[in-house]
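Each chain, letter by letter, is given below.
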Amino acid sequence: MEQRPGPPAVYDVEPALWRGPGAAGRYWDLLLNLVGRALKLRYKRSLLGFGWTMLNPLLTMVIFTLVFSRLFSQVENYPLYVIIGLLAYNLFSTGSSQGLASVAEAGALLRKVGVPKAIFPLAAVSANLVNFLLSLIPLFFLMLFLGAPPRAAVAWVPLGVLLLFMFTLGTALVLTTLNVFFRDVRYLYEAGLLAWFYATPVFYPIGIVPEKQRIFIELNPLVPVIETFRAPLYGGVAPSARSVIGALAAATVALSLGIILFKRYERRFIDYI
Amino acid sequence: MVSLREYAIARIKGRRPAAKTIWPLVGVSFQIEPGETFAIIGRNGAGKTTLLKVIAGIVSPTMGEVVVRGRVAPLLELGAGFEPELTGRENVYLYGSLLGFRNRYLASRLDRIARFAELEDYLDVPLKNYSAGMVARLAFAIATDDMPDILLVDEVLSVGDAKFQEKCRQRIEEFRRRGTSILLVSHDMELVNGLSRRALLLEEGRQVALGPAGEVTRRYLDRSPPRALPES
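The listed protein sequences correspond, in order, to chains R and B.
Under the working numbering, the first residue of the first sequence carries the number 21, and numbering increases by one thereafter.
Under the working numbering, the first residue of the second sequence carries the number 2, and numbering increases by one thereafter.
Incorrect hints may have been included.
One-sided and incomplete, this derived list gives chain B residues near chain R with beta-carbon spacing under 10 Å [unchecked claim]:
{"id": "1", "residue": "GLY46"}
{"id": "2", "residue": "ILE59"}
{"id": "3", "residue": "GLU78"}
{"id": "4", "residue": "GLU86"}
{"id": "5", "residue": "LEU95"}
{"id": "6", "residue": "LEU100"}
{"id": "7", "residue": "PHE102"}
{"id": "8", "residue": "ARG172"}
{"id": "9", "residue": "PHE176"}
{"id": "10", "residue": "VAL209"}
{"id": "11", "residue": "ALA210"}
The hints are simulated quantities; they were obtained by calculation from the structure and are not laboratory data.
Please read these numbers as outputs of a predicted model, since none were measured by experiment.
C-beta atoms are modelled at their ideal positions from N, C-alpha and C, and glycine is treated no differently.
Construct all of the structure, not just a fragment, from the sequences and the given hints.
So this is what it looks like as structure tokens:
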């Protein structure tokens, strides 16, 4: 038979991304188009468009600097510390909450076309990743402006981004699976995210956390993930082995857990969305 | 070309404690040859659309097996996945890739799709400014641009005006001539008899009759006589 574009020649169940590289490759263009849609819709009729991705953390940075720079005077170049942390944290928080909502939002669509369900959280997180990567360009100029030009340690940045992406996607897969069955998850997570933000050294240095509460920092998987990304940009040094190992573990565990859970329950989604 | 063997779908409704299992389709088994036009008939809620969705890979069977050989074009829920804020052109890619086409392929077919949909001049207009008919035409043009091996048609063609419907009918007829297998769901027994050699009758998710279209449609009409008109 002649080679045709389109879905597989033989299949017996629902399409899934897990069916190996061939299956994933077939849905690559769909992923691109879904990411494109998310980005186009986000900046539709917004004058500054993409600029907001950077402006938003910039404004927050200014506020945090005005409020806290005196308090955290031991932190050298506090604005830079805050903005790098915020960019990473925003990728995680926006990516995971949009990923969380993605499957339930695509509900109507999933009842009508046969596409792998995992493509929706993947597209949601990927759209945020694209945004995040674009915002690294203005960050570069900001670093020059703040008198801390990037050093050789930036070679670590790709690893930091990869682990951040994996951790975010894994979290999104876990949450979106739960959210299909219990819609409360979405609201709980919104509140949880706020708590998580304050429990993570994004705008304050790890050093100020009292010994007694250190345990919360130690157990917080987001801490090493953000540190691995921040260290090479902020301090211009390689991230500590402790951060890298912690981030590797957090990203691997989150993503594996997410894939296992999602895979296990995706066939039942259709009855709940 | 399509062979369905002993398959069933379970669907669990209700909450845990008093969980009640409803089987929308059970014990359905049939096989379709390449190039055959096959009709699925039955009353509303008999499971016809669910059966097409199983074949299209939208719903997965809890038990049993569906084997599909070839590319399926499901003409159910045309236009699901269209994004009103995006232009017609952008939607060709979005919807096309939801149907499994690659972007490069869609780019090469864009003109043909627009011409068939009669929307050449509106490709860069956001879909929300299209009329319902224009949206339906675009969806049909994308979904049927490439000849599929298997075409799933639910309650035929209420796409656009009479002239466009005729165009759709011609395109499906051409696929049929060139060897596409067609699974047709319809309430129109004349159409079923006219188009298909064999038919399947479903009743509450059960396979009641399978065989020559004439016999099966007669059986259907006997079992569910046309309801008396309500008294006015």
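For the hint on GLU78(B), does the least C-beta distance to chain R fall short of 10 Å?
4 Å, holds
(message) Given LEU95(B) as an interface hint, is its Cβ closer than 10 Å to any Cβ of chain R?
(response) 5 Å, holds
**Request:** Tell me if VAL209(B) is really an interface residue toward chain R, meaning its C-beta lies closer than 10 Å to one of theirs.
**Result:** 25 Å, violated
The hint names GLY46(B) as touching chain R; please verify it with the least Cβ-Cβ distance against 10 Å. With Cβ-Cβ at 16 Å, over 10 Å, it is violated.
- request: Using Cβ atoms only, decide whether PHE176(B) comes closer than 10 Å to chain R, and label the hint accordingly.
  value: 13 Å, violated
Report task. Mind checking the CB of LEU100(B) against every CB in chain R and telling me if the closest is under 10 Å? Result -> 7 Å, holds
Does the closest beta carbon of chain R sit nearer than 10 Å to the beta carbon of ARG172(B)? Not OK, violated: ARG172(B) not within 10 Å of chain R, min 17 Å.
- [ ] So, PHE102(B) near chain R? Judge it on the closest CB pair being under 10 Å.
- [x] At about 5 Å, which falls below the 10 Å cut-off, the nearest Cβ of chain R leaves the hint on PHE102(B) intact, so it holds.
GLU86(B) was flagged as interface toward chain R. Is the shortest Cβ-Cβ separation under 10 Å?
6 Å, holds
Interface hint for ILE59(B), Cβ within 10 Å of any Cβ on chain R
Holds, because the Cβ-Cβ distance from ILE59(B) to chain R comes to roughly 5 Å (cut-off 10 Å).
**Asked** Regarding the hint that ALA210(B) lies at the interface with chain R, is the smallest CB-CB distance below 10 Å?
**Response** With a minimum Cβ separation of about 26 Å from chain R (threshold 10 Å), the hint on ALA210(B) is violated.
Hints 1, 8, 9, 10, 11 from the earlier list are contradicted by this structure; the remaining hints agree with it.
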